[in-house]
Amino acid sequence: AQSVAQPEDQVNVAEGNPLTVKCTYSVSGNPYLFWYVQYPNRGLQFLLKYITGDNLVKGSYGFEAEFNKSQTSFHLKKPSALVSDSALYFCAVREGEDSNYQLIWGAGTKLIIKP
Amino acid sequence: EAGVAQSPRYKIIEKRQSVAFWCNPISGHATLYWYQQILGQGPKLLIQFQNNGVVDDSQLPKDRFSAERLKGVDSTLKIQPAKLEDSAVYLCASSTRLAGGKNEQFFGPGTRLTVL
Numbered sequence: 001a002q003s004v005a006q007p008e009d010q011v012n013v014a015e016g017n018p019l020t021v022k023c024t025y026s027v028s029g030n031p032y033l034f035w036y037v038q039y040p041n042r043g044l045q046f047l048l049k050y051i052t053g054d055n056l057v058k059g060s061y062g063f064e065a066e067f068n069k070s071q072t073s074f075h076l077k078k079p080s081a082l083v084s085d086s087a088l089y090f091c092a093v094r095e096g097e098d099s100n101y102q103l104i105w106g107a108g109t110k111l112i113i114k115p
Numbered sequence: 116e117a118g119v120a121q122s123p124r125y126k127i128i129e130k131r132q133s134v135a136f137w138c139n140p141i142s143g144h145a146t147l148y149w150y151q152q153i154l155g156q157g158p159k160l161l162i163q164f165q166n167n168g169v170v171d172d173s174q175l176p177k178d179r180f181s182a183e184r185l186k187g188v189d190s191t192l193k194i195q196p197a198k199l200e201d202s203a204v205y206l207c208a209s210s211t212r213l214a215g216g217k218n219e220q221f222f223g224p225g226t227r228l229t230v231l
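Protein chains in written order, with my numbering: chain A, 1 to 115; chain B, 116 to 231.
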């Protein structure tokens, strides 16, 4: 069965420092991986996705994520954190090309960037 | 491009009452999703439509929840009767069918339901 784990409920980073939000997954085939961000009282916004190709994926707001097949991970990163990056981040995975397969969501990681 | 619209934004009801949520997806998006997001958790898919047909409703509590997408555009999610544990944010999302599973979903702002 497909699953995705975000091992940290909360990540605290000082402004200007690099940040990493962790995600690991389990699928039986090739994964399609997504990161979404949720700001307070707002809906989820798409950040980036890995479908195939280069393991390093660049997305919105300066975020990037690295697909690591051997470690079954898709960690979200940013070289220099901003206070405005403080939000809830969700990793999601789908197995295969058919959109009729559900997107499986992690529980979310709260990112707090301190000035 | 207009985003996914949802209404109402907030709703407070007593248990055993009924409630309905409305969603208007992005124009041209064939796939529409309803999610339930309980505080502190990731979204849980309730139902997925492809045009006006149901693709997946395996996690929809069908004894009290119903949803329809007439004409393959707008959608309504109804709860009747509501229980305390239905308190959550109900998110509507849409995506294009082209390239199916590779596509990201676009979310509306959600409806925050409180059942007292």
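One or more of the hints may lead you astray.
[Said to hold, decoys possible] Pairs of lysine-lysine, DSS-like flavour, derived with a Cα cap of 25 Å:
(1) A:22 with B:159
(2) A:22 with A:69
(3) A:114 with A:22
(4) A:110 with B:159
(5) A:69 with B:217
(6) B:159 with B:130
(7) A:77 with A:58
(8) A:49 with A:22
(9) A:22 with B:217
(10) A:58 with B:193
(11) B:198 with B:126
(12) B:130 with B:198
(13) A:22 with A:77
(14) A:58 with A:22
(15) A:69 with A:114
(16) B:130 with B:193
(17) B:159 with B:193
(18) B:217 with A:49
(19) B:177 with B:217
(20) A:77 with A:110
(21) A:58 with A:69
(22) B:217 with A:77
(23) B:159 with A:49
(24) A:49 with A:69
[What the hints assert, rightly or not] Short derived list, chain B residues pointing at chain A, Cβ under 10 Å:
(25) 118
(26) 121
(27) 124
(28) 127
(29) 128
(30) 152
(31) 159
(32) 207
(33) 208
(34) 220
(35) 221
(36) 224
(37) 225
Honestly, the hints are just simulated from the structure, not real lab data. Idealized CB from N, CA, C, for every residue including glycine.
Hints, verified against the model:
1. Using a Cα cut-off of 25 Å, the hinted pair residue 22 of chain A and residue 159 of chain B holds, with the two alpha carbons roughly 20 Å apart.
2. A C-alpha spacing of about 14 Å is found between residue 22 of chain A and residue 69 of chain A, which places the hinted pair at or below 25 Å, so the restraint holds.
3. In summary, the hint linking residue 114 of chain A to residue 22 of chain A is supported, as the alpha carbons are separated by about 19 Å, within the 25 Å threshold.
4. For the hint linking residue 110 of chain A to residue 159 of chain B, the alpha-carbon distance of about 18 Å falls within 25 Å, and the restraint holds.
5. Proximity of residue 69 of chain A to residue 217 of chain B is assessed by CA-CA distance (about 18 Å); at most 25 Å being required, the pair is judged to hold.
6. For the suggested pair residue 159 of chain B and residue 130 of chain B, the alpha carbons sit about 21 Å apart, so the restraint of at most 25 Å is met.
7. The hinted pair formed by residue 77 of chain A and residue 58 of chain A meets the criterion: a straight-line CA distance of about 10 Å does not exceed 25 Å.
8. Between residue 49 of chain A and residue 22 of chain A, the direct Cα distance comes to roughly 15 Å. Compliance with the 25 Å bound is thereby established for this hinted pair.
9. Taken as a hint, the residue 22 of chain A and residue 217 of chain B pair is honoured in the structure, with Cα atoms around 21 Å apart against an allowance of 25 Å.
10. This hinted pair does not check out: residue 58 of chain A and residue 193 of chain B have alpha carbons roughly 39 Å apart, beyond 25 Å.
11. About 14 Å separates the Cα atoms of residue 198 of chain B and residue 126 of chain B, which keeps this hinted pair within 25 Å; it holds.
12. For the hint linking residue 130 of chain B to residue 198 of chain B, the alpha-carbon distance of about 5 Å falls within 25 Å, and the restraint holds.
13. A C-alpha spacing of about 9 Å is found between residue 22 of chain A and residue 77 of chain A, which places the hinted pair at or below 25 Å, so the restraint holds.
14. Under the criterion of a C-alpha separation no larger than 25 Å, the hint pairing residue 58 of chain A with residue 22 of chain A is consistent with the structure, at around 16 Å.
15. The suggested pairing of residue 69 of chain A with residue 114 of chain A is violated, with an alpha-carbon distance near 32 Å, which exceeds 25 Å.
16. With a CA separation close to 14 Å, the supplied pair residue 130 of chain B and residue 193 of chain B stays within the 25 Å bound.
17. At roughly 16 Å between alpha-carbon atoms, residue 159 of chain B and residue 193 of chain B fall within 25 Å of each other, so this suggested pair holds.
18. A C-alpha spacing of about 8 Å is found between residue 217 of chain B and residue 49 of chain A, which places the hinted pair at or below 25 Å, so the restraint holds.
19. Under the criterion of a C-alpha separation no larger than 25 Å, the hint pairing residue 177 of chain B with residue 217 of chain B is inconsistent with the structure, at around 29 Å.
20. For the hint linking residue 77 of chain A to residue 110 of chain A, the alpha-carbon distance of about 14 Å falls within 25 Å, and the restraint holds.
21. Pair hint residue 58 of chain A plus residue 69 of chain A holds up; C-alpha atoms about 17 Å apart against a cutoff of 25 Å.
22. Simply put, residue 217 of chain B and residue 77 of chain A have alpha-carbon atoms about 21 Å apart, close enough for the 25 Å limit, and the pair holds.
23. A C-alpha spacing of about 20 Å is found between residue 159 of chain B and residue 49 of chain A, which places the hinted pair at or below 25 Å, so the restraint holds.
24. Restraint check for residue 49 of chain A and residue 69 of chain A: the C-alpha separation of about 15 Å stays at or below 25 Å, so the hint holds.
25. About 8 Å separates the beta-carbon of residue 118 of chain B from the nearest beta-carbon of chain A, less than 10 Å, and the hint is met.
26. Checking residue 121 of chain B against chain A by beta carbon gives a least distance of about 8 Å; that is within 10 Å, so the hint holds.
27. This hint holds: residue 124 of chain B has a C-beta 9 Å from the nearest C-beta of chain A, less than the 10 Å allowed.
28. Because the beta carbon of residue 127 of chain B sits about 16 Å from the nearest beta carbon in chain A, more than 10 Å, this interface hint is broken.
29. The interface hint given for residue 128 of chain B is broken, as the beta carbon of that residue sits about 20 Å from the closest beta carbon of chain A, more than 10 Å.
30. At its closest, the beta carbon of residue 152 of chain B sits 9 Å from a beta carbon of chain A; the interface hint therefore holds under the 10 Å criterion.
31. Annotation: residue 159 of chain B was flagged as interfacial toward chain A, and the flag holds, the nearest CB pair being 8 Å apart, inside 10 Å.
32. The interface hint given for residue 207 of chain B holds, since its Cβ lies 8 Å from the closest Cβ of chain A, which is under the 10 Å cut-off.
33. Taken as an interface hint, residue 208 of chain B checks out: its beta carbon lies about 8 Å from the nearest beta carbon of chain A, inside 10 Å.
34. Taking 10 Å as the C-beta contact cut-off toward chain A, the hint placing residue 220 of chain B at the interface holds, the least distance being around 7 Å.
35. A hinted interface residue such as residue 221 of chain B counts as satisfied when its beta carbon comes closer than 10 Å to some beta carbon of chain A; here the least separation is about 7 Å, so the hint holds.
36. For residue 224 of chain B, the interface hint holds, the least distance from its beta-carbon to any beta-carbon of chain A being 5 Å, beneath 10 Å.
37. Satisfaction of the interface hint for residue 225 of chain B is found here, the shortest Cβ-Cβ separation to chain A being roughly 5 Å, below the 10 Å cut-off.
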